[in-house]
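Enquirer: Take a look at the letters that make up each chain.
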Amino acid sequence: MAVLVVADHDNTEVRDTTNKTVTAALALSKDVDILVVGQGAEAAAKAAAGIAGVRKVLLAESAGLGKMIAEAVEAVIVPLMANYDAVLSPASTAGKNFAPRVAAKLDSSPLSDVMQIVDANTFVRPIYAGNALETVQSSDAKKVITVRTTAFQAAGTGGSASIEKISGADAPKTAFVSEEVVKSDRPELGAAKIVVSGGRAMGSSEEFHKVLEPLADKLGAAIGASRAAVDAGYAPNDYQVGQTGKVVAPALYIAIGISGAIQHLAGMKDSKVIVAINKDADAPIFQVADYGIVGDYKTVVPELMTALG
Amino acid sequence: MKVLVPVKRVIDYNVKVRVKPDQSGVDLANVKMSMNPFDEIAVEEAVRLKEKGLVEEIVVVSIGPSQAQETIRTALAMGADRGILIQSDADVEPLAVAKLLKAVVAEEAPGLVLMGKQAIDGDNNAVGQMLSALLGWPQATFASKLELAGEKANVTREVDGGLQTLSVSLPAVVTTDLRLNEPRYASLPNIMKAKKKPIDVKSVADYGVDVSPRLKVVKVTEPAKRSAGVKVADATELVSKLKNEAGVL
Ligand SMILES: Cc1cc2nc3c(=O)[nH]c(=O)nc-3n(C[C@H](O)[C@H](O)[C@H](O)COP(=O)(O)OP(=O)(O)OC[C@H]3O[C@@H](n4cnc5c(N)ncnc54)[C@H](O)[C@@H]3O)c2cc1C
Ligand SMILES: Nc1ncnc2c1ncn2[C@@H]1O[C@H](COP(=O)(O)O)[C@@H](O)[C@H]1O
Chain A
1 MAVLVVADHD NTEVRDTTNK TVTAALALSK DVDILVVGQG AEAAAKAAAG IAGVRKVLLA
61 ESAGLGKMIA EAVEAVIVPL MANYDAVLSP ASTAGKNFAP RVAAKLDSSP LSDVMQIVDA
121 NTFVRPIYAG NALETVQSSD AKKVITVRTT AFQAAGTGGS ASIEKISGAD APKTAFVSEE
181 VVKSDRPELG AAKIVVSGGR AMGSSEEFHK VLEPLADKLG AAIGASRAAV DAGYAPNDYQ
241 VGQTGKVVAP ALYIAIGISG AIQHLAGMKD SKVIVAINKD ADAPIFQVAD YGIVGDYKTV
301 VPELMTALG
Chain B
1001 MKVLVPVKRV IDYNVKVRVK PDQSGVDLAN VKMSMNPFDE IAVEEAVRLK EKGLVEEIVV
1061 VSIGPSQAQE TIRTALAMGA DRGILIQSDA DVEPLAVAKL LKAVVAEEAP GLVLMGKQAI
1121 DGDNNAVGQM LSALLGWPQA TFASKLELAG EKANVTREVD GGLQTLSVSL PAVVTTDLRL
1181 NEPRYASLPN IMKAKKKPID VKSVADYGVD VSPRLKVVKV TEPAKRSAGV KVADATELVS
1241 KLKNEAGVL
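So the sequences go chain by chain: A and B. The letter at position 275 of the first sequence is residue 275 when you use my numbering, and the numbering goes up by one with no holes. The letter at position 112 of the second sequence is residue 1112 when you use my numbering, and the numbering goes up by one with no holes.
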């Protein structure tokens, strides 16, 4: 049986979430093909062809695919599924957007956020904000899977798969209007080795950026935030870490002025090392932190900057 | 226009979840249950559209045990007009929920289905997208802003990397994200009024949909526990530990 991986990419390169999804796919089959959908994504297709263990890369392009319009992506994938027993995509917002549509069209029960592949039919996934893990056995012939990429190692490079162009698709009832892309020279939140996150304690957008940016720059870190900080407008929505935001598992996660609600922990508790800075010694974040400093971030963060040299 | 809002009864988001010792699931006996928070946001948005005069009727539908009537009542107290309970004591998988909702849409003919992006029990984030695919309607998920403009809806979506705005032709399926609005608390008079609003109780069989599960739950387990580490005195000690003990700097 062959399986299809839908790449996550920025037109030029594939994100490492794609390599991680390939690892998950290789646990199902040795015959792994990658589908690159986009517009002007030839370079990304070349990068995908270089992932070790990949058999073939399919490239489908159109205006709608360039914006990852779910209806268009689904229209490309569904006919391809005659040749595949499973389709896997990173559990990115794009993956979560199109994968269930593909499942519905194939009359298959989707498997969201899979973190372990036990065998070809058995999968482990988090439920209740990661407070429980369920092992499920699927009886569907075609599996539709989104992958919790933090749970898989990235497949390496050195492959030389062929690239085949296939026809694209568009979504007649859905029009792209505009986008606001958060620009940053820092690493992407999902891929960063170090993440510094701020919470409601920051009190304002100015303070959030004034406190976290120099620290992040010194550490080469990405910046994250709690829901409370995003709701209050201190940080853009795509900084949100948690059950309903991004799931991260960096080598080092520094939570500053974040209480540690279960919904936040759901997005960061698999980090290797967790540091918490909070003035409340009883804040639940300390129950998961490897190192905690009880204190006002207003004094602790400047001291940290100095100590880092 | 009529709006259909599917609402799910789930464990309250504040409850600490306990896995049953026999690994058959999560302990739901005597725990507080509430409306899924994203569905509350969907009800609120529908009520605001009605208050603006853009919507005539709000119908809420829930698939679940008879207690899900309470969840429907909550929505009615917030301002929805009537409810449908499709009673099922067994868990219904997202695919089957989508099929049932498709059948409800066929009966009710709404111009918009407004629903949560994710139920916080199963964390699937799937039903809205599946319903849209089954209906052949456009979808706009993870909405942080919704504007109705004649035959279309303009929806701003929270996506990795920022925000995306789409224009979808109606009828459409829109799923809510956290920042769409802040749901109201129902006032006492509205709670009283809601008691008189109609709830139609149906069974799964009424819709002729096969809801037999495709996924067999083998076991439900607790994730690896993280234990609390140490408190350090100051930033200097922290940096030294991160360098020498943890080796992450
Ligand atoms: C459906 C749903 C989904 C959710 N999804 C998410 C999600 O994905 N991600 C998420 O993060 N949350 C999520 N939440 C929200 C979550 O429940 C919490 O409300 C939120 O995480 C709290 O954010 P916070 O820790 O910044 O704020 P608070 O809980 O208010 O904590 C602020 C902390 O800062 C400390 N503090 C204050 N001043 C200082 C100072 N000067 N120095 C040091 N410390 C200080 C305080 O002691 C406190 O511990 C969700 C909630 C719901 C209902
Ligand atoms: N049993 C149910 N009854 C009514 N609506 C539901 C049910 N299950 C899911 N939904 C709707 O589908 C959304 C997404 O759920 P899910 O895909 O299960 O995460 C929820 O926010 C609800 O709006």
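Watch out, some of these pointers could steer you wrong.
Stated by the list, open to error - Stretch-level coverage of chain A by chain B, calculated; a stretch enters the list once three of its residues show a Cβ under 8 Å from a Cβ in chain B:
#1 91-100
#2 103-115
#3 147-160
Stated by the list, open to error - Residues from chain A that keep clear of chain B, each with C-beta distances beyond 12 Å, as calculated:
#4 2
#5 42
#6 53
#7 56
#8 74
#9 79
#10 85
#11 120
#12 125
#13 204
#14 205
#15 217
#16 238
#17 289
#18 307
Hints in this document: simulated from the structure, not taken from any laboratory. Glycine is no exception: its CB is placed at the ideal position from the N, C-alpha and C atoms.
Enquirer: Would you mind marking each hint as holding or not holding in the structure?
Expert: Results of checking the hints against the structure:
Note: the segment 91-100 of chain A has 8 residues with beta-carbon separation from chain B under 8 Å; the three-residue rule is met and the coverage holds. With 10 residues bearing a CB less than 8 Å from a CB of chain B, the segment 103-115 of chain A meets the requirement of three and the coverage assertion stands. Requiring three or more residues with a Cβ within less than 8 Å of a Cβ of chain B, the coverage given for the segment 147-160 of chain A is violated, as only 0 such residues are present. With 12 Å as the threshold on Cβ separation, the claim that residue 2 of chain A sits away from chain B holds: the shortest Cβ distance comes to roughly 22 Å.
At roughly 21 Å from the closest C-beta of chain B, the C-beta of residue 42 of chain A stays outside 12 Å, upholding its exclusion from the interface. Remark: the non-interface label on residue 53 of chain A is consistent with the geometry, its nearest Cβ contact in chain B lying 25 Å away (cut-off 12 Å). Residue-level check passed: residue 56 of chain A sits 26 Å from the nearest beta carbon of chain B, beyond 12 Å. A Cβ of chain B approaches the Cβ of residue 74 of chain A within 12 Å, the least distance being about 6 Å, so the stated non-interface status is violated.
Here residue 79 of chain A stays apart from chain B, with its beta-carbon at least about 14 Å from theirs, past the 12 Å limit. Remark: the non-interface label on residue 85 of chain A is consistent with the geometry, its nearest Cβ contact in chain B lying 15 Å away (cut-off 12 Å). The beta carbon of residue 120 of chain A sits about 14 Å from the closest Cβ of chain B, which is more than 12 Å, so the claim that it is off the interface holds. Distance check on residue 125 of chain A: its Cβ comes as close as 8 Å (rounded) to a Cβ of chain B, failing to clear the 12 Å threshold; non-interface status is violated.
Interface exclusion of residue 204 of chain A from chain B stands, the closest Cβ pair being 18 Å apart, more than 12 Å. The Cβ of residue 205 of chain A lies farther than 12 Å from every Cβ of chain B, with a closest approach of about 15 Å, so its non-interface assignment holds. For residue 217 of chain A, the requirement that its beta carbon stay farther than 12 Å from each beta carbon of chain B is met, with the minimum near 15 Å. Non-interface call for residue 238 of chain A relative to chain B: violated, since the shortest CB-CB distance, roughly 6 Å, does not exceed 12 Å.
Residue 289 of chain A, annotated as away from the interface, has a beta carbon of chain B within 12 Å; the closest lies near 6 Å. Separation of residue 307 of chain A from chain B is inadequate, the least Cβ-Cβ distance of about 4 Å not exceeding the 12 Å criterion.
Violated hints for the displayed structure, listed by number in ascending order: 3, 8, 12, 16, 17 and 18.
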